[in-house]
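Just need the whole structure built from these sequences, with the hints factored in.
Chains as they are written, first to last, in the working numbering: chain A, 35 to 448; chain B, 35 to 448.
It should be emphasised that the hints constitute simulated quantities derived from the structure, not laboratory data. For each residue, glycine too, the CB sits at the ideal point set by N, CA and C.
Interface residues of chain A toward chain B, partial, derived using beta-carbon atoms under 8 Å:
hint	residue
1	N87
2	T122
3	G157
4	L338
5	A342
6	W350
7	G351
8	A355
9	P363
10	Q383
11	R441
Going by beta-carbon spacing under 10 Å, a handful of chain A positions derived as facing chain B:
hint	residue
12	R88
13	A118
14	G123
15	V155
16	S265
17	K340
18	I343
19	D347
20	V354
21	V362
22	E367
23	P384
24	L435
25	D437
Computed footprint of chain A on chain B, listed as stretches where at least three residues anywhere in the stretch have a Cβ under 8 Å from a Cβ of chain A:
hint	segment
26	88 to 95
27	120 to 128
28	152 to 158
29	344 to 354
30	371 to 384
There are 2 protein chains.
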Amino acid sequence: MSLPWHPIPGGLTAPAGFLAAGITAGLKASGNPDLSLLLAPAGAVCAGSFTTNRVRAACVDLCAERLAASGGRARAVLTNSGQANACTGDRGLIDSLRATQSTADLLGLAPEEVLICSTGVIGVPIPMDILLAGLDPLVAALSPEGGADAATAILTTDLIDKQIGLEADLGGRRVRLGGMAKGSGMIHPNMATMLGYLSCDAGVPAELWQAMVQRAVDRSFNAITVDGDTSTNDTYLAFTAGEPLNLEHFEELEAGLTAVSQHLARAIARDGEGATCLIEVQVEGAPDDAGARAMARTICGSSLVKCAIHGRDPNWGRIVAAAGRAGVPFDPEAVALWLGEHQLMAAGQPLVFDRPAASRYMAERAAGAYLNPDPLLGDTVAIRLVVGDGPGEGLAWGCDLSDQYVRINADYTT
Amino acid sequence: MSLPWHPIPGGLTAPAGFLAAGITAGLKASGNPDLSLLLAPAGAVCAGSFTTNRVRAACVDLCAERLAASGGRARAVLTNSGQANACTGDRGLIDSLRATQSTADLLGLAPEEVLICSTGVIGVPIPMDILLAGLDPLVAALSPEGGADAATAILTTDLIDKQIGLEADLGGRRVRLGGMAKGSGMIHPNMATMLGYLSCDAGVPAELWQAMVQRAVDRSFNAITVDGDTSTNDTYLAFTAGEPLNLEHFEELEAGLTAVSQHLARAIARDGEGATCLIEVQVEGAPDDAGARAMARTICGSSLVKCAIHGRDPNWGRIVAAAGRAGVPFDPEAVALWLGEHQLMAAGQPLVFDRPAASRYMAERAAGAYLNPDPLLGDTVAIRLVVGDGPGEGLAWGCDLSDQYVRINADYTT
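In structure tokens:
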């Protein structure tokens, strides 16, 4: 995490003026919380990043259109979990419009100021009577301590909730960032369902904020992969509202924004269905950063690499073979490769290395997951690949592929 | 299979004048056959298609260079299984040169007329003393009935050998085609290790032959995927030698060439590690054929689709979500989808369908695999997706993703 930011509690409601809530409306058969709301202070600007899938849910269209029409002005976002509201035809848009209209009425906002995200099963309409009946208690539950409840109510197959809060002193002024996310399958964002939310209490012009958020997304959500599938509903919404921040601190703010986004993205990858560890791949020496990121992500996405790490097998051959198919030019004879502290290759050829120790490294990292609930500590298998002497470097994150992933996704009921 | 072709026995040695052999030289610890040789008649032309991976084995470079230098003239190809000879540095090329030189000496050919393919573990050098000692008995075993032995000796993790022979009467003249292949993992050719070989006894000018072969590869090997990984060694070599064929029959010849290539490609997909069925995806109504093929292949490659089919779950949502991320424009509201005879979607929305029957369709198809050893019959789960009224159509093949795939690839020893 970049200085001068340090962690604080509170998640999405850590920044000043943000309210949130999460309740059980009854949308999920399980009885788990399924409806959440975030309310940003007056004057908030909002930047959105959305799935590149050609098939996208009505709620995604609605968010993108409203943000484009208002130049990035929005105050609230409603999230229902249980039904994705994708492939639901005309009804999908009608339901999204009704839900935001009713929420706006209760909050005293214009409908255009309210956004909506949906996650869950594709092709099943939202039970609107249940959702609408839930709005009264949801709005009543809004609170400056509501971040944790909201983070729970957006989950679907996730095993753990994903939140973060950061604080910094920027030129004598306290600035706070908050974030929450969900997602554990169909994760290969451009965006991955993956929903992410960020809050911030510094005033930033909408266009600058949008550019900052997009750069952060490229270095975080667009650098993770669980299974290579891109969802119909992927959305990242980042709100900021507060006294204008001095321009000289924008770089520090962006570092914090990137840190929050990377924390959430890594938490999603770590919670990948059936995963036992987070995989972090760093590529250096590529022609440019984009090429390095593409290679890192291809390695993270390789089923053979993921299986090898699940089997605690230091299989350098699969790693370089995956790098080779990323479409980025490099000299295979220049390749050097590390797994943790263990160097596996130099000058394009395998080295003699302590194979049991390299295998033990992976097993210990995976075991760390159960000792440390923070997805950023203790359970990361780190791969470092140097492909030449170019200036490009990039990071990507993924997780191992287990028989459990297959069982989860073969047995999941549509 | 296209008329006028019909199946015949003999595999690679079905066409007149081709000799082949396969023996156990001792390259594999298992004691299984591991060295094979194909000898084409004098005057043969050869077209090659090779992996697009940036990291490729020395033998691939050698094949590509020799075919380019000679304008597609080659007589023989040696194949060793057990060691891929990739990531073996300078030694890799030296060993490939020695192996082809010794083979050429025994056959009375120039070294440039002999090609070599290697498959097996990456990063391990070929035990050259064993390979060279095997060449004498290998050449002695060359026979016009050697196709089956050759097809067995190229296998690695494959469960079954992959061969085909076809015959047609083209204007009163009998023409024969033969083929063999190996591959079951690291299969997403561009080319996937996937090795394929084709023989033909019709005389065709080298440039025309190369163009025909490339079109056939695009419709076969480049339309399959097992796990999305592209190997360092993928190679398809197609030899033809015989009396010149009349130009008017070239279209029929290409249909046969495509049928052989598709048979071998489908057999590889069906033998995908841990697979219980072949998946065939047909996309229609796309802007063009290339777009349709890209969508079909993306669906075949989706881990979520593959898991759903393994679970016999008619999960149409995952199929359209995969289609949506292929990068090809289409109107989601125009989508119609069939699984076998069961229509699952119309006008972009799910239909009410007989879910147990659709699930039973997949289970029965998968069960067919064990009843019928021919990978082309009885065990294909067919998906048909119509995405509009464009002229583009395309096919792709893959297989389901099982917990067995993960176990095979997590436990495989490097």
